[in-house]
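On the provided structure of chain Y, position chain W as indicated by the hints.
What follows is each chain in one-letter form.
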Amino acid sequence: MIIRIDPESEVPIYIQLTNQIIEGIAKGELKPGDALPSVRAFAADLGVNMHTVNKSYHELEKKGIIEIVPKSGAVIRRHLHMDSNTYERLYRSFIPHIAEALVLGMSKEEMMKLVKKIINDLKED
Amino acid sequence: MALFISFVILCLLAIVQTFVPYFVKRTVVFGVSIPEQMIQDARVRSYKKQYLLITVMVSLFMILFFCIWVATKKPSDDLLILISTVIEFVIIFISLALFYYFREKMKQYKKEMQWEGELKQVAVVDLSARSEEQLPPWAIYLFPIIVTMGLIGYTFYQYDLLPNEIPIHWGPSGEPDAFTKKTPFSAIQMLVLLLLLQLMFLGIQLGIKVSGIKLSATNLSASKNRQLTLRKSSSWFSYYTVLLITMLIVYFQLATIHPERFQDSQLKILIPLGFFILILAGTVVFMVKVGRSDKREPDSLYSSIMDINDDRYWKAGLFYFNKNDPSIFVEKRFGVGWTLNLANPIGYIIIFLPLFFILLITFLFN
Chain Y
1 MIIRIDPESE VPIYIQLTNQ IIEGIAKGEL KPGDALPSVR AFAADLGVNM HTVNKSYHEL
61 EKKGIIEIVP KSGAVIRRHL HMDSNTYERL YRSFIPHIAE ALVLGMSKEE MMKLVKKIIN
121 DLKED
Chain W
126 MALFISFVIL CLLAIVQTFV PYFVKRTVVF GVSIPEQMIQ DARVRSYKKQ YLLITVMVSL
186 FMILFFCIWV ATKKPSDDLL ILISTVIEFV IIFISLALFY YFREKMKQYK KEMQWEGELK
246 QVAVVDLSAR SEEQLPPWAI YLFPIIVTMG LIGYTFYQYD LLPNEIPIHW GPSGEPDAFT
306 KKTPFSAIQM LVLLLLLQLM FLGIQLGIKV SGIKLSATNL SASKNRQLTL RKSSSWFSYY
366 TVLLITMLIV YFQLATIHPE RFQDSQLKIL IPLGFFILIL AGTVVFMVKV GRSDKREPDS
426 LYSSIMDIND DRYWKAGLFY FNKNDPSIFV EKRFGVGWTL NLANPIGYII IFLPLFFILL
486 ITFLFN
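If you read the protein sequences in the order shown, they are chains Y and W.
Just so you know, we're using the numbering used here here: the first sequence kicks off at 1 and counts up by one.
Just so you know, we're using the numbering used here here: the second sequence kicks off at 126 and counts up by one.
None of these hints come from the bench; they were simulated from the model.
Some clues are possibly wrong.
Unchecked claim - Distance ranges between label pairs, derived from CB positions:
(1) Y:L104 x W:S171: 46 to 56 Å
(2) Y:E100 x W:P261: 47 to 57 Å
(3) Y:V69 x W:H383: 51 to 61 Å
(4) Y:N85 x W:K440: 49 to 59 Å
(5) W:S429 x Y:I22: 23 to 33 Å
Backbone N, C-alpha and C fix where the C-beta goes; we use that ideal spot for every residue, glycine too.
In isolation and in its complexed conformation, chain Y is listed as follows (with noise of 0.2 Å):
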């Protein structure tokens, strides 16, 4: 899986480490049980600091999307079902953008387009 991290955008490096992440396993680039590279191995390939990448794989483990396992490292968990406290934390922070997106004058077909056009895309490639 390539990664791409643009140095100078507002996006904090270790959040679009994150992002990036997620969205490779949900395209399946990246699968479960799949380990990713050490932190010292990952931040000299990308020649950024390794506090940057410990912060996004603790971001990562705080999410549930990965688990710190000794010897193997980050390893990529599996998830068959969501457990409630997930579903909520995903439910409060959906809430902003479904918000905005009103405010800014989408309506409800649209939104639910919107998110099947997201879903496509993650599941095409």
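Showing chain W alone in chain Y's frame:
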């Protein structure tokens, strides 16, 4: 013999210095990073060509001068080696001066063209690159290390057989030409130095492993190919070098313990000469392999992006200093191979600690 060796070294040096801009990563020209899109730019190409022509002419002139001097003066081996060394330095010095001359021109040209303003800088990682990497396992270094330690044991076992004068230096003909008094330490001194050297090369291999696989955003597949080739080839090449050095030193040590077995043997000339030729051949194969590994054209050229401009981490275009980068080694900007990340203390330890011990042993115990 000395003439042959000097001549081969001079020619090889001339060839390497001449073609250096063509071995180097495509997107770095005289230590200045340029966008992939501009590699075929006429000015950029003409700078490379000018460098090649001037270096080739200077080198040819120096080698010709050397040949005429040898033919007319018939100098002694010592003088011959001295002068050829001076000429080697002159060639290196002139090509370095040219490097800085064209580097300045490249910098100016880059500024003039304002490539950076139009293109977005992007850093790229391929998460699968690490699993595709085929570095030799570090354990292969155990073999020469065990051989060396075994020979240290054998030397003590045969301590009585050793002559009172232990050779510590050998001339080009394979005959020892400098000696030191026999003590338990001087008897194994060569092997201890060898052991330190082996540990240093092992450290370098481990350092390569943890250093970054730096990819080019605009030419992913070719740059990945180059990085993986560089890592694999340099790991194997350093192992090859260690094996050859080990064989050479083991031969010298055995010849010191059992001089009668090697008395009239052809090995005396064949082994040092063979060592020399095999090292040179290995170097050429290594450079050609790495040099060719990114010549593939990019699969698709994105017009709006370029690699991160890391020129500011390259002091004087040659020295890498980047505190954020945990890499110990990085690919050189000019020439083929690796250079230290001078901001990383581990690199100093790998390179200078064994060197420190080698110098300590050489000066303190003699």
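Taking the hints in turn, this is what the structure says about them:
no., hint, in the structure
1, Y:L104 x W:S171: 46 to 56 Å, "holds (54 Å)"
2, Y:E100 x W:P261: 47 to 57 Å, "holds (55 Å)"
3, Y:V69 x W:H383: 51 to 61 Å, "holds (55 Å)"
4, Y:N85 x W:K440: 49 to 59 Å, "holds (51 Å)"
5, W:S429 x Y:I22: 23 to 33 Å, "holds (25 Å)"
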